[in-house]
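Protein chains in written order, with our numbering: chain A, 40 to 344; chain B, 40 to 344.
Honestly, I wouldn't trust all of these hints.
Given that identical chains are not distinguished, each listed pair holds provided it fits within a single copy or across any two copies.
Stated by the list, open to error - Calculated cross-link-like contacts (lysine-lysine; reagent style DSS-like; alpha-carbon spacing at most 27 Å):
1) Lys221 to Lys300
2) Lys72 to Lys43
3) Lys118 to Lys171
4) Lys198 to Lys118
5) Lys220 to Lys44
6) Lys44 to Lys80
7) Lys341 to Lys80
8) Lys132 to Lys198
9) Lys198 to Lys171
10) Lys300 to Lys43
11) Lys300 to Lys341
12) Lys43 to Lys341
13) Lys221 to Lys43
14) Lys132 to Lys220
15) Lys143 to Lys171
16) Lys72 to Lys220
Hints in this document: simulated from the structure, not taken from any laboratory.
2 protein chains.
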Amino acid sequence: MFMKKIAIAIHGGAGGDSAFIRDHLAEYEQGLKDAVESGYKVLESGGTAVEAVETAVRSLENNKYFNAGRGSALNAEGKVEMCTSIMEGNQMKAGAAALVRNVKNPISFAKNLMEGSEGMYVGGPVTLQMAKEMDLELEPNSYFVTEHQFDAFREEREKHPGKEKFALHMHGTVGAVAVDKKGNVAAGTSTGGTNFCLPGRIGDSSMIGVGSYADNRTAAISCTGDGEYLIREVMAGSISSTIEHTGCSTQEACNHVIHVKNENTEGDLGAIAVDTDGNIGIAFNSERMHRAWKTSEELEVKIYR
Amino acid sequence: MFMKKIAIAIHGGAGGDSAFIRDHLAEYEQGLKDAVESGYKVLESGGTAVEAVETAVRSLENNKYFNAGRGSALNAEGKVEMCTSIMEGNQMKAGAAALVRNVKNPISFAKNLMEGSEGMYVGGPVTLQMAKEMDLELEPNSYFVTEHQFDAFREEREKHPGKEKFALHMHGTVGAVAVDKKGNVAAGTSTGGTNFCLPGRIGDSSMIGVGSYADNRTAAISCTGDGEYLIREVMAGSISSTIEHTGCSTQEACNHVIHVKNENTEGDLGAIAVDTDGNIGIAFNSERMHRAWKTSEELEVKIYR
Numbered sequence: 040m041f042m043k044k045i046a047i048a049i050h051g052g053a054g055g056d057s058a059f060i061r062d063h064l065a066e067y068e069q070g071l072k073d074a075v076e077s078g079y080k081v082l083e084s085g086g087t088a089v090e091a092v093e094t095a096v097r098s099l100e101n102n103k104y105f106n107a108g109r110g111s112a113l114n115a116e117g118k119v120e121m122c123t124s125i126m127e128g129n130q131m132k133a134g135a136a137a138l139v140r141n142v143k144n145p146i147s148f149a150k151n152l153m154e155g156s157e158g159m160y161v162g163g164p165v166t167l168q169m170a171k172e173m174d175l176e177l178e179p180n181s182y183f184v185t186e187h188q189f190d191a192f193r194e195e196r197e198k199h200p201g202k203e204k205f206a207l208h209m210h211g212t213v214g215a216v217a218v219d220k221k222g223n224v225a226a227g228t229s230t231g232g233t234n235f236c237l238p239g240r241i242g243d244s245s246m247i248g249v250g251s252y253a254d255n256r257t258a259a260i261s262c263t264g265d266g267e268y269l270i271r272e273v274m275a276g277s278i279s280s281t282i283e284h285t286g287c288s289t290q291e292a293c294n295h296v297i298h299v300k301n302e303n304t305e306g307d308l309g310a311i312a313v314d315t316d317g318n319i320g321i322a323f324n325s326e327r328m329h330r331a332w333k334t335s336e337e338l339e340v341k342i343y344r
Numbered sequence: 040m041f042m043k044k045i046a047i048a049i050h051g052g053a054g055g056d057s058a059f060i061r062d063h064l065a066e067y068e069q070g071l072k073d074a075v076e077s078g079y080k081v082l083e084s085g086g087t088a089v090e091a092v093e094t095a096v097r098s099l100e101n102n103k104y105f106n107a108g109r110g111s112a113l114n115a116e117g118k119v120e121m122c123t124s125i126m127e128g129n130q131m132k133a134g135a136a137a138l139v140r141n142v143k144n145p146i147s148f149a150k151n152l153m154e155g156s157e158g159m160y161v162g163g164p165v166t167l168q169m170a171k172e173m174d175l176e177l178e179p180n181s182y183f184v185t186e187h188q189f190d191a192f193r194e195e196r197e198k199h200p201g202k203e204k205f206a207l208h209m210h211g212t213v214g215a216v217a218v219d220k221k222g223n224v225a226a227g228t229s230t231g232g233t234n235f236c237l238p239g240r241i242g243d244s245s246m247i248g249v250g251s252y253a254d255n256r257t258a259a260i261s262c263t264g265d266g267e268y269l270i271r272e273v274m275a276g277s278i279s280s281t282i283e284h285t286g287c288s289t290q291e292a293c294n295h296v297i298h299v300k301n302e303n304t305e306g307d308l309g310a311i312a313v314d315t316d317g318n319i320g321i322a323f324n325s326e327r328m329h330r331a332w333k334t335s336e337e338l339e340v341k342i343y344r
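Extracted from the complex, chain A is given alone in its bound form:
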């Protein structure tokens, strides 16, 4: 069989700059590099795009500097509640979960869900019960809590005394897209949500068509930015539809949806994409998007524009 060109791209969230980011540039760059390399290795050794996406996202979930898994934001109750989704572009199967607690790697939960027969999208306490049946690693809430996120939580709490935060500007996500040697694409996204947000808020990262989408006929896409803006634009699906209907390149589709269609948006929007030919597309309208990509020709790690 003819081997296709493998490629992987990852992101660690799009948004504004911060002192914390500037103070930890080396850690962020190392984290992005480690994650993209770990996923690329899976592809190189013949693993599937789904496995590569899972591996890269797990690496970011396990890295305390990114808002997913360990290092997740704390909701208004001081608890970590996570969202995740994964999709593969061959059969277009998907798995997604919202309001996940105590699961060390939500992306693996989504992958198991996708590969099982237990439905496609679940949320709340049932996710913990199912994660136990899947033999996934569990952690107490304290595992997920970092001092940085606790400080951010406390700051928000002081700004909004007695009331949770419901603003539209909520972000902090990780994601990955990959194409494997068989030419199948996959996309995955995972998030810890927003500091001091309403417990029970379901994030865009758990939504197939918004956070993650994959279709071999178009591309695999993972989106990040202000969740509620991504939802109203059905961001990942919109990028896929742009390729479907116009035949444009993966990069052009990302540019079109983020810089043309949403030229006047107030939201931070970012997307990474890859198609079955190994072409990568990356676009964002914010000050920064933590990102990295690797192909047989290049390895790039970037944070700012």
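Following the hints, put chain B in place on chain A, whose structure we already have.
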């Protein structure tokens, strides 16, 4: 100001035929007629498309023959857990909720959420807490349970002893789309889920871009059918994108996505749509889709092809 042509379309789910439906055709037809008339009246008296959609969906939620609100399916615990979403096409604001219990009219919860500043998409017990703050009508679980749905639940339980049902074929939804005198469109969807399904399953009807979507530049769309197939196709968003990129009519976009793009699907798919010029689009690939529509020129109520 020039008044635009008003129009409303509703559905009460797409899927296979059943003895229960055949035995209650008169009740279904009356329920559809009452709902579409109630929404049309709102439009005639100058109400917004959002208000018309809410009114029509509430009518279906209150009608025990439809799987939404009273008459909802029972999950594996014998509880009613509902999903809903609403979106308006002018500012593209949206509200959506999953895993809603005890709220008499989930669509009104979604509308309040859309109009408030408390976020766009929430799920689980927080919905009850928020519904209380919204002063919405609440009902005990027993209000929602009909004998017909309990019999269906018991039948599924016998078929799947000791294990919840996780099949992809899960449906039973209501929805409405409308355009008002100002030429703004809106879409809303509500469902009681599937009998004996996993508690915690999040339904497509709660997903903006899948169950409901609205954009004045394209159309307002509400989808029904097998949830997991609707999710992987990002059904409502896909119909909107087809109009956006090809400039085809609302009816052609529904036909394209359901009969051409998904020609070989195994899933039951149905959609209703309306654009700012009052053009209605309706398509489904199943044996039946309960539906009705009303414009200044016609009133139609149909169940089979």
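So, going through the hints one by one against the coordinates:
no.	hint	verdict
1	Lys221 to Lys300	between (33 Å within a copy, 24 Å between copies)
2	Lys72 to Lys43	within (23 Å within a copy, 56 Å between copies)
3	Lys118 to Lys171	both (20 Å within a copy, 23 Å between copies)
4	Lys198 to Lys118	within (18 Å within a copy, 39 Å between copies)
5	Lys220 to Lys44	within (6 Å within a copy, 54 Å between copies)
6	Lys44 to Lys80	within (14 Å within a copy, 59 Å between copies)
7	Lys341 to Lys80	within (20 Å within a copy, 56 Å between copies)
8	Lys132 to Lys198	between (42 Å within a copy, 26 Å between copies)
9	Lys198 to Lys171	between (38 Å within a copy, 25 Å between copies)
10	Lys300 to Lys43	between (32 Å within a copy, 26 Å between copies)
11	Lys300 to Lys341	within (25 Å within a copy, 38 Å between copies)
12	Lys43 to Lys341	within (26 Å within a copy, 50 Å between copies)
13	Lys221 to Lys43	within (6 Å within a copy, 52 Å between copies)
14	Lys132 to Lys220	within (19 Å within a copy, 41 Å between copies)
15	Lys143 to Lys171	within (12 Å within a copy, 34 Å between copies)
16	Lys72 to Lys220	within (21 Å within a copy, 55 Å between copies)
In terms of the numbered hints stated before, the structure departs from none.
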